[in-house]
Amino acid sequence: MTKQSSEPVQQVNKKIKRIVEALLFATEQPMSVAQLQAVFPELERPERVTIEAAVGALCDDYRSQAIGLHKVASGYRFQVKTDMAPWVARLFSEKPPKYSRALLETIAIIAYQQPVTRGDIEEIRGVSVSSQMIRTLLDREWIKVIAHKEVPGRPALYGTTRQFLDYFNLDSLDSMPPLEALQALALEGELDV
Amino acid sequence: MSAGVVTKERTVTAMVAGQPYLDLPEDLYIPPEALEIFLATFEGPLDLLLYLIRKQNLDIVNIPIAQITKQYMVYIEVMSNFQFELAAEYLLMAALLAEIKSRMLLPRQVNTEDDEEDPRAVLVRRLQEYERIKKAAEELNEIPRMERDIFLATIDTSSVSVHKPKPEVQLQDIVSALQGVLRRVDQLSHHTITKEVLSVRERMVAIMAKLEGCDSLLFARFFTYQEGRAGVVVAFLAILELSKAELIEILQAEPFDELSIRARVGVGND
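Those sequence lines, one after another, are chains W and U.
Everything in the first sequence is counted per this note's numbering, starting at 1 for the first residue and increasing by one.
Everything in the second sequence is counted per this note's numbering, starting at 194 for the first residue and increasing by one.
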């Protein structure tokens with residue numbers, strides 16, 4: 001993580017940089033440093049820092065381009081810069097999918113309070129959670145069953161996945177918008193009815 | 194309970210606690226057709242309560258329970274008039290509000306060791322919890338996401354010719370695989386005995402018998418036309434066997450000439 005400080009001048013290997021660039025363009029899934037490393041034959045496999053240096057150099061190269069190298073939870077991927085996204089969106093006649101408030105609230109609860117059971121979600125939202133919605137989230141691979149709570153009925157404990165973070169362009173849960181702090185209660189007696 | 198129609202005229206909208214309500218709460222003046230849609234936008238009782246609180250700019254941490262309860266009840270009445278299946282959660286909340294309200298009416302015991310929590314506190318906490326999740330969900334909806342704001346930049350790799358080495362298979366592996374299959378087939382097949390119509394051994398004896406007393410005979414003499422193909426094969430095999438056993442000699446006068454068979458000299462001596 002602290003590669004700048006510990007390794008002041010990591011010589012960028014031009015060839016490896018070109019390979020990394022090609023690999024990242026050729027895959028639709030983000031690629032982690034380990035995955036990039038694994039592509040190389042065992043005997044000529046570059047060090048982690050070499051790959052990281054190559055990625056860093058690529059980031060710099062694309063700084064002024066319309067596409068750029070972006071880090072999300074699963075690794076690095078090339079994507080259209082956000083200021084160009086509206087133009088790309090015009091290419092597609094299909095409207096991007098819209099998510100219901102119920103779904104967004106459910107995924108928000110899972111993301112911020114994980115691991116949670118379905119009961120926890122229902123408690124916060126004050127309504128029952130449909131099996132259909134949990135199914136949809138599981139199918140999209142945004143959530144997964146992390147464990148089962150050791151209480152009667154052993155309900156599933158849900159958590160978010162890396163795919164969820166990838167989808168929302170985040171590289172970790174910490175980069176989610178922070179939750180508002182709860183205000184302190186200021187209840188006053190109220191007897192006039 | 195029965196008055197259902199909300200019209201511009203002032204009719205009884207709902208009955209709450211035995212009191213007819215002529216007026217809808219100020220922000221509830223919505224035509225009945227729209228009301229159903231309007232109410233469907235709420236994600237549950239907490240959402241509805243929050244709406245009531247926020248619409249009136251009330252302080253969430255100090256909500257006037259009596260006022261909110263009254264308004265909430267009116268909504269419930271109206272909802273039950275239009276939506277036949279009112280979610281149980283709404284009724285549960287109504288019961289909770291009624292409970293809080295009734296507890297508030299009871300004289301408060303000014304007690305230093307007041308371990309009983311203010312009945313509103315639990316509700317307010319839940320409202321706060323819900324509100325911040327609601328906001329978080331709204332923010333989540335705003336942040337850039339794939340398919341809408343994020344587009345991947347990839348290249349088409351279908352034209353890249355990929356050299357995929359075919360797995361190398363030794364002939365020996367194929368043979369042993371075949372042998373394995375055959376062995377299994379053998380084990381699975383029923384053991385049947387079929388009568389050999391034309392026996393090679395029998396033909397061998399016949400050939401030797403025919404050769405006795407003559408110098409040599411043409412190949413064609415050892416089978417008959419009726420025996421057909423099988424006869425030719427059996428005769429040929431018998432001749433090969435005899436030749437292998439060095440009992441006969443196979444002769445050919447010139448290339449492509451018919452084969453003739455001759456008994457070896459000194460047969461029977463060993």
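Don't take each hint at face value.
[Claimed, not checked] Cut-off 27 Å, straight-line C-alpha distance, at most; resulting in silico cross-link-like pairs (DSSO-like, lysine-lysine):
no.: 1; chain 1: W; residue 1: Lys95; chain 2: U; residue 2: Lys403
no.: 2; chain 1: W; residue 1: Lys71; chain 2: W; residue 2: Lys15
no.: 3; chain 1: U; residue 1: Lys328; chain 2: W; residue 2: Lys144
no.: 4; chain 1: W; residue 1: Lys81; chain 2: W; residue 2: Lys14
no.: 5; chain 1: U; residue 1: Lys328; chain 2: W; residue 2: Lys71
no.: 6; chain 1: U; residue 1: Lys357; chain 2: W; residue 2: Lys15
no.: 7; chain 1: W; residue 1: Lys95; chain 2: W; residue 2: Lys71
no.: 8; chain 1: W; residue 1: Lys149; chain 2: U; residue 2: Lys357
no.: 9; chain 1: U; residue 1: Lys328; chain 2: W; residue 2: Lys98
no.: 10; chain 1: U; residue 1: Lys263; chain 2: W; residue 2: Lys17
no.: 11; chain 1: W; residue 1: Lys71; chain 2: W; residue 2: Lys81
no.: 12; chain 1: W; residue 1: Lys81; chain 2: W; residue 2: Lys95
no.: 13; chain 1: U; residue 1: Lys327; chain 2: W; residue 2: Lys144
no.: 14; chain 1: U; residue 1: Lys327; chain 2: W; residue 2: Lys98
no.: 15; chain 1: U; residue 1: Lys328; chain 2: W; residue 2: Lys95
no.: 16; chain 1: W; residue 1: Lys17; chain 2: W; residue 2: Lys98
no.: 17; chain 1: W; residue 1: Lys95; chain 2: W; residue 2: Lys17
[What the hints assert, rightly or not] Now the stretches of chain U that chain W is said to cover, found in silico as 3 or more residues with beta-carbon under 8 Å:
no.: 18; segment: 327–333
no.: 19; segment: 357–366
no.: 20; segment: 397–409
no.: 21; segment: 421–427
no.: 22; segment: 433–443
Keep in mind that the hints were calculated from the coordinates and are not lab data.
Keep in mind it's a predicted model, so treat the numbers as computed, not measured.
Ideal Cβ placement from N, Cα and C applies to all residues, glycine included.
Okay, the hints, checked on the actual structure:
Simply put, Lys95(W) and Lys403(U) have alpha-carbon atoms about 95 Å apart, too far for the 27 Å limit, and the pair is violated. A hinted pair counts as satisfied when its Cα atoms are at most 27 Å apart, and Lys71(W) with Lys15(W) qualifies at roughly 22 Å. With a CA separation close to 23 Å, the supplied pair Lys328(U) and Lys144(W) stays within the 27 Å bound. A distance of roughly 24 Å separates the Cα atoms of Lys81(W) and Lys14(W); the hinted pair therefore holds under the 27 Å criterion.
Taking the CA atoms of Lys328(U) and Lys71(W), the gap is near 26 Å; set against the 27 Å cutoff, the hint holds. Taking the CA atoms of Lys357(U) and Lys15(W), the gap is about 23 Å. The hint holds against a cut of 27 Å. Between the alpha carbons of Lys95(W) and Lys71(W) the distance comes to roughly 26 Å, so the proposed pair stays at or under 27 Å and holds. For the given pair, Lys149(W) sits about 47 Å from Lys357(U) by alpha-carbon distance, which is inconsistent with the 27 Å threshold.
A distance of roughly 17 Å separates the Cα atoms of Lys328(U) and Lys98(W); the hinted pair therefore holds under the 27 Å criterion. Among the hinted pairs, Lys263(U) with Lys17(W) is inconsistent with the structure: their alpha-carbon atoms are about 68 Å apart, more than 27 Å. A C-alpha spacing of about 13 Å is found between Lys71(W) and Lys81(W), which places the hinted pair at or below 27 Å, so the restraint holds. Proximity of Lys81(W) to Lys95(W) is assessed by CA-CA distance (about 20 Å); at most 27 Å being required, the pair is judged to hold.
With a C-alpha separation of about 22 Å, the suggested pairing of Lys327(U) with Lys144(W) holds against the 27 Å cut-off. Note on Lys327(U) and Lys98(W): the hinted pairing holds, with a Cα-Cα distance of about 16 Å set against a maximum of 27 Å. Proximity of Lys328(U) to Lys95(W) is assessed by CA-CA distance (about 24 Å); at most 27 Å being required, the pair is judged to hold. For the hint linking Lys17(W) to Lys98(W), the alpha-carbon distance of about 38 Å lies beyond 27 Å, and the restraint is violated.
A threshold of 27 Å between alpha carbons decides the hint, and for Lys95(W) with Lys17(W) the separation of about 36 Å lies outside it, so the pair is violated. Counting residues of the segment 327–333 of chain U whose beta carbon lies closer than 8 Å to any beta carbon of chain W gives 7, which reaches the threshold of three, so the coverage claim holds. With 0 residues having a beta carbon nearer than 8 Å to a beta carbon of chain W, the segment 357–366 of chain U misses the requirement of three or more and the stated coverage is violated. Check on the segment 397–409 of chain U: 0 of its residues sit with their Cβ under 8 Å from a Cβ of chain W, so the three-residue criterion for coverage is violated.
Beta-carbon proximity to chain W at under 8 Å applies to 0 residues in the segment 421–427 of chain U; the threshold of 3 is not reached and the given coverage is violated. Chain W is given as covering the segment 433–443 of chain U, and this is violated because 0 residues of the stretch bring a CB closer than 8 Å to a CB of that chain, at least three being needed.
In summary, the numbered hints that this structure violates are 1, 8, 10, 16, 17, 19, 20, 21, 22.
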